[in-house]
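Enquirer: For the protein sequence lines, the chains are A and B, in the order given.
Numbered according to this note's numbering, the first sequence spans residues 34 to 376.
Numbered according to this note's numbering, the second sequence spans residues 34 to 376.
Be careful, since some hints might not be right.
If chains are identical, the list can't say which one is meant, so a pair holds when it fits in one copy or spans any two.
Taking lysine-lysine and the DSSO-like style, the derived pairs with C-alpha atoms no more than 30 Å apart in a straight line are [as the list claims (entries may be wrong)]:
| id | residue 1 | residue 2 |
| --- | --- | --- |
| 1 | Lys110 | Lys230 |
| 2 | Lys282 | Lys323 |
| 3 | Lys323 | Lys244 |
| 4 | Lys267 | Lys79 |
| 5 | Lys282 | Lys267 |
| 6 | Lys110 | Lys79 |
| 7 | Lys282 | Lys351 |
Bear in mind the hints are in silico, worked out from the structure with no lab data behind them.
There are 2 protein chains.
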Amino acid sequence: MYTAGDLRRRRAAVRAALPGRQPHAVPGEARAFASANIALVKYWGKRDEALHLPRTGSLSVSLGPWGSEATLALTRKAAEVWLDGEKLAPGSSFAARALAYLELFRPESGENFVLKTRNTLPTAAGFASSASGFAAIAKALDALFGWDLPERNLSVLARLGSGSAARSLRDGFVEWKCGRKADGSDSYAVALPVAWKTLRIGAVVVERARKPLSSGEAMRRCIATSPFMAAWDKTVRGDLRAAKEAVAKRDLRALGEVAEGNALAMHAVMLAARESVFYPTGASLAALAKVRQLRAEGVPVYATMDAGPNVKLLFEAKSESPVRRAFPDAVVLCPFADKGSRR
Amino acid sequence: MYTAGDLRRRRAAVRAALPGRQPHAVPGEARAFASANIALVKYWGKRDEALHLPRTGSLSVSLGPWGSEATLALTRKAAEVWLDGEKLAPGSSFAARALAYLELFRPESGENFVLKTRNTLPTAAGFASSASGFAAIAKALDALFGWDLPERNLSVLARLGSGSAARSLRDGFVEWKCGRKADGSDSYAVALPVAWKTLRIGAVVVERARKPLSSGEAMRRCIATSPFMAAWDKTVRGDLRAAKEAVAKRDLRALGEVAEGNALAMHAVMLAARESVFYPTGASLAALAKVRQLRAEGVPVYATMDAGPNVKLLFEAKSESPVRRAFPDAVVLCPFADKGSRR
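My request is simple: use the sequences and hints to build the entire structure.
Expert: What follows is the structure, given as structure tokens:
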């Protein structure tokens with residue numbers, strides 16, 4: 034997974050994020066929750082593979098109660114990883130990734146971790162769970178070892194598990210700062226002070242099969258071969274400024290146009306890679322056409338897509354009826370709905 | 034269609050391409066044929082709208098006997114435009130475009146043109162006929178008025194009808210030079226001295242309906258809004274060099290990879306425009322996936338797509354059986370098949 038040199042740099046990044054603290058043998062268990070997030074200005078392309086450092090900043094909105102819960106405890110026996118109530122084989126993809134991450138945090142006394150994760154994401158909604166999963170693990174580590182870390186340090190630790198997990202430490206709109214430092218200590222996420230209770234996210238699932246190429250692989254291919262990568266980085270910087278302005282004004286049209294344009298530009302970067310990578314399917318294109326049709330009929334709704342074929346919709350409460358009519362199978366989420374009670 | 038200033042510049046470009054010559058009243062009629070062409074390195078984006086001057090060079094292969102025939106005569110009565118045996122209403126799209134073009138060549142004595150065009154393109158193959166159509170008209174004008182123009186002047190005249198018509202004056206591989214001059218006199222096409230008898234073009238029609246947005250409109254939107262337009266121009270210049278090298282070596286793999294990458298990059302430029310333009314449909318994506326699958330099975334076949342959903346295949350005679358099995362409805366063309374007898 035990582036070279037020896039990469040591992041040294043990852044360990045150094047962890048130490049730097051744990052000032053005056055370290056893992057140690059503790060009894061009991063700790064539990065933490067982190068929201069999933071959907072990027073409105075995308076993270077696409079790493080400047081450092083080992084430290085998951087991005088080439089640009091990005092902006093997401095958290096999905097409130099939809100996310101992942103992680104429970105951590107130490108054991109003298111073999112490590113265990115559980116997902117949604119089932120114990121995973123150590124070689125399974127998620128278990129291997131989680132254990133490689135937890136290895137960075139094993140106490141010197143040699144205990145192993147028992148990790149139990151559970152996703153509260155509606156499984157039908159097709160959201161990625163690695164961001165919320167690794168953010169929840171980072172929070173559970175903090176609680177288990179009693180570190181009481183500042184949020185930005187937690188964001189750095191989550192990032193070392195999965196890049197976009199950096200954005201899953203906070204509710205609401207979150208900006209992941211690109212940072213400039215080689216050790217990544219300035220590449221963390223911060224919340225934007227905006228609540229937008231009428232905002233809705235619709236999840237349109239067009240395909241449940243696993244994607245044929247991981248997003249990490251696709252990013253690497255784009256960096257190596259896409260002629261539009263440099264222009265993409267520049268586009269993201271402009272989109273990030275525009276999206277933050279739109280969020281501050283709660284301007285759905287401005288935010289939607291940037292988010293949709295940014296997502297499609299990301300897919301364009303992939304389409305232009307050699308050999309081409311293209312996640313949207315015919316059903317994705319049909320959903321995008323329906324979104325344009327709704328707009329032509331005066332319904333302000335916009336689309337975004339991650340590195341996969343599923344389509345996410347961005348709209349406001351007042352448009353919920355026509356959106357639900359056009360997309361009867363969509364799962365509609367309210368990112369800020371129970372904000373008051375959750376804070 | 035054009036402003037008064039545009040028209041003056043178009044007339045000046047015509048005069049410059051007709052040294053010592055001009056239209057004049059002549060009896061009889063003249064007939065000419067021009068092949069359609071398919072671009073392997075695309076023309077996408079004009080640097081001059083009125084003169085149809087491209088931002089970059091491009092490279093195409095002509096389709097031999099598949100193209101358009103134009104018959105021209107002068108009349109003292111009203112102008113007429115016929116297409117495939119039917120007289121068109123003067124306001125119809127092709128008639129209006131053809132008449133606006135022919136207006137540049139009306140004799141001072143005031144005669145009108147009777148234009149009869151006929152396409153020998155297999156209508157099921159979904160090829161654009163405007164390139165071959167305007168190239169045939171330019172050749173018919175040359176024959177009617179007895180100008181005996183050099184080929185590059187004819188290429189310039191054809192270009193003033195439809196940009197890619199500049200490439201339809203010659204058989205085989207043709208490079209349309211970008212040129213640098215403001216009047217476009219150095220933006221014409223030249224043939225590459227390569228015959229490649231085993232080359233095959235397969236036409237996979239996935240959609241017969243007219244496209245919702247013309248390629249001219251789509252080009253304009255890309256220039257105005259696509260963040261990848263500048264990178265596209267640079268990509269084309271590299272692709273053009275690589276494609277010419279591949280053609281000189283008759284290296285299908287090298288040519289196919291460049292052609293496919295170039296076509297998908299063009300569609301990526303459109304996908305990233307704001308608002309996005311995307312011609313491929315689910316059926317186009319399925320055809321592209323089948324092409325990749327064939328390659329994975331060891332069949333060297335590559336795809337290209339113009340500003341529409343139909344897919345064209347590039348392969349050699351030895352792969353014709355597996356390609357026909359995978360695409361039973363494809364129309365297979367042999368660009369160089371009857372080269373010897375046609376020259």
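Enquirer: For every hint, state whether the structure bears it out.
Expert: Taking the hints in turn, this is what the structure says about them:
In this assembly of identical chains, the alpha carbons of Lys110 and Lys230 never lie at most 30 Å apart, being 47 Å within a copy and 70 Å across copies at closest. Taking CA atoms no more than 30 Å apart as the test, Lys282 paired with Lys323 passes inside one copy only; the shortest distance there is 27 Å, against 46 Å between copies. In this assembly of identical chains, Lys323 and Lys244 lie within 30 Å of each other by CA distance both inside one copy and across copies; the values are 23 Å within and 17 Å between. For the homomeric pair Lys267 and Lys79, the shortest alpha-carbon distances inside one copy (14 Å) and between copies (24 Å) are both at most 30 Å.
In this homomeric assembly, Lys282 and Lys267 come within 30 Å of each other (Cα to Cα) only inside a single copy, at 23 Å, whereas the closest approach across copies is 38 Å. In this assembly of identical chains, Lys110 and Lys79 lie within 30 Å of each other by CA distance neither inside one copy nor across copies; the values are 36 Å within and 69 Å between. With identical chains, the CA atoms of Lys282 and Lys351 are at most 30 Å apart within one copy only, with a shortest distance of 17 Å there and 62 Å across copies.
Going down the numbered hints, you'll see the structure goes against 1 and 6, while the others check out.
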